[in-house]
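Chemist: Now for the letters of each chain:
Protein chains: 2
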Amino acid sequence: MTVETTVRAAAAAAREAGRTLAAAPPADRDRALAALAGRLRDPQVRRRLLDANRRDVEDAEREVAAGRMSEALVARLALTEAKLDGLADAVDTLAAMPDPLDRVDLRRELDEGLVLERATVPLGVLGVVFESRPDALVQIGALCLRSGNAVLLKGGREAARSNAALVDELRAALGQADLPPAAVVNLPDRAAFAALLDASDLVDLVVARGSSAFVAHVRASTKIPVVGHAAGICHVVLYDPCPPAMAARIVEDAKCSYPAACNAVETLLWTPGTQPALAAVIERLTSRGVRCRGCPKTRAVFAGLEAATDADWDAEYGDLVLSIRAVADLDEALAHVARHGSGHTEAIVTDDDAAAERFLRSVDAAGVFHNASTRFADGYRYGLGAEIGISTGKLHARGPVGIEGLLSRTWRLRGRGHVASDYGPGKRAFTHCDLPADGDERP
Amino acid sequence: MTVETTVRAAAAAAREAGRTLAAAPPADRDRALAALAGRLRDPQVRRRLLDANRRDVEDAEREVAAGRMSEALVARLALTEAKLDGLADAVDTLAAMPDPLDRVDLRRELDEGLVLERATVPLGVLGVVFESRPDALVQIGALCLRSGNAVLLKGGREAARSNAALVDELRAALGQADLPPAAVVNLPDRAAFAALLDASDLVDLVVARGSSAFVAHVRASTKIPVVGHAAGICHVVLYDPCPPAMAARIVEDAKCSYPAACNAVETLLWTPGTQPALAAVIERLTSRGVRCRGCPKTRAVFAGLEAATDADWDAEYGDLVLSIRAVADLDEALAHVARHGSGHTEAIVTDDDAAAERFLRSVDAAGVFHNASTRFADGYRYGLGAEIGISTGKLHARGPVGIEGLLSRTWRLRGRGHVASDYGPGKRAFTHCDLPADGDERP
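So the protein lines, in turn, are chains X and B. Read in the working numbering, the first sequence has 180 at position 180, and its numbers run on one by one without any break. One rule links them: number in the working numbering = place in the second sequence (from 1) + 443.
Take these hints with a grain of salt, some might be off.
[Unchecked claim] Computed footprint of chain B on chain X, listed as stretches where at least three residues anywhere in the stretch have a Cβ under 8 Å from a Cβ of chain B:
id : region
1  : 105-114
2  : 137-143
3  : 359-370
4  : 389-397
5  : 403-411
None of these hints come from the bench; they were simulated from the model. Glycine included, C-beta positions come from ideal geometry on N, C-alpha and C.
Same shape as in the complex, but just chain X (with noise of 0.2 Å):
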């Protein structure tokens, strides 16, 4: 069997498999989460998973001795007694949680005896890839399964034997609560992804997790809907008045608390009056080791910094540096977030209210943020439990992806005969009246 047919066979079985997990009762779901937790908090089930993980970083390990693997990227990789745990509580949180599925959001009455429902359904079959951490995998299945999703799993290369034994588990779990576990399948290698991107008919979409660069690749290499973020070029602007220390705090957050992520800063814009808010955030870069690089003006202003080239407008760093530019008011600084800004996250630092409720409602993007670090754009800090990846298009979800980016709606119509030919000018007429949906009968 070649593997486009291995891997077709699984996501057909999948799909057939996500279709009984997806018209289970609720409490079905919620036994196959709570058998999950209990899974994880297993001994015999922790032994086997750390066995597994521990030869994955003894692989990671000679290869950092051999100076092709970074040690972060072990810590990430290696598996403990109390990772299990924290992943453990959260599957729980999951399980309380109230099922997403069949939320009435819209009920109608169109005429006597004829009414319309629009009630939330799964997506259907998702394709994830993911980056190295195992963890990653528990969340991202955790949920799909809470979702009623059938999902097919890509995690990093090097976790390859902590992965598949933890699908091994989500997959026991669902037996345990009669539920196909065909549901949850284990990619195991590139080639068995690329084949999964081929198999448009099968799956309803992939959700990519990675740096940009990969993102993008995944986008272009499929005709499935890609849910992940195009890039994250992310400015903070410093607004007059601008209390130096407010802002060196938050840019040092922005900027250093962790330089590879989607949400970090790689712009500053300043506009005039600000100067002491920019020397205080300039200070303090320097001594946490960013490399800053100005336009003429900043540098005309502090001039031991690096020159900026245009290509630094558009670049995302990933790493401890930023290029500073001079906007002579905020119509440019927005301006300039329109041109190089990627739709991500843009935030203002000002004490003028004014200023930032204009930046609020200017900027086109999934997050815009007044005093606070782009950092804050992630799921688990808004709230939304786990996230399973983040958007930077507009359509379907943007920003930090929930459950609620998991779902569709279907439409259901209850008549007792109608027939649309009836209704029209001259003829009988909708009624089109709103009756209570679901959530609507709170006090």
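Got chain X sorted already, so can you dock chain B onto it with the hints?
Modeler: Just chain B now, with coordinates in the frame of chain X:
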């Protein structure tokens, strides 16, 4: 100037104008819509519109005389005083609607002084290609205006003069409300529309209306996301007990009231015990000139029918033809629909409510109906106000697409200098306390 340069310039200007349109207070968009309704009722404007339309109709009548066009198309092309009255009324309805922008559907305190909100924003710039009816142009343009989107419109070639005249009115109405007319653009021909499909950096969404083949062609020609229907292979299932009179009425309406519509039925499935209902359906359809093609089991009972081939189960006839297949039970009907349906609209006719509920919950389609004609799948009939198109995709918008499908959301965060690195294990914890969102104040 090449057509590419012209169209790119118009799209860039539309994007800029769209920003102004979206940032304007709701009252400005109300005024523009009121101005449009007023213009559509103004005798002088009407003379211009009807003159332009008369010339389109005269050309079309020559085509009809030459046998190159159908009478039906001329009827759809022709504007009348009555049609203009209807359009003005529809625009008035949109003007009276609550503004859909900047609705906060989620508001959450993340920590003291750090408040997140998610608010509706326009998508930005739309490209819409639609059939020959010039009245569609007004509906689409008014929907875009109400939702703060800029739009580039490409109507049918036969309506070229009417479309140009109507876009002039939309632009004049924007001007009357001190909004930029550049937000609405008429694309005069196919070359201009092709250039638009290439401008993926300037256009956020393409809405394609027309035949399935045309929508597929548009989808294959652009990197811009396309909303449209893939195909309209709709089924009606007769399930025992199935009242013959209701079955005949529903299938007649679903097949005959507008056979070319994407929500018309193409295949009838019948389960054991529904033979009397099937007989009533065949008798009614035959009297309406429908050609019925049966599977061997169906023809064993109704000998006069043409024979259906395998190709019939995947055919969208768009004509007075219906394929009929006997299925053993509901499972076989569901399997047939899953395999051959296009995810548009599927209906069951039965007095067995339990079977109907199973059908409503098992079929994966934009619309699933019980005892009602598939022809109800329509934005106007659903009470969505105007409809910009219909989507068989599962992402973003599904089924008839009204204003909601023209909106995205942005996450706004207001802090007092908050940084993300203050939070985490052993540090500050998020409060994640939901606050009232817009519309939550109802009693």
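Chemist: If you check each hint against the structure, which ones fail?
Modeler: 2
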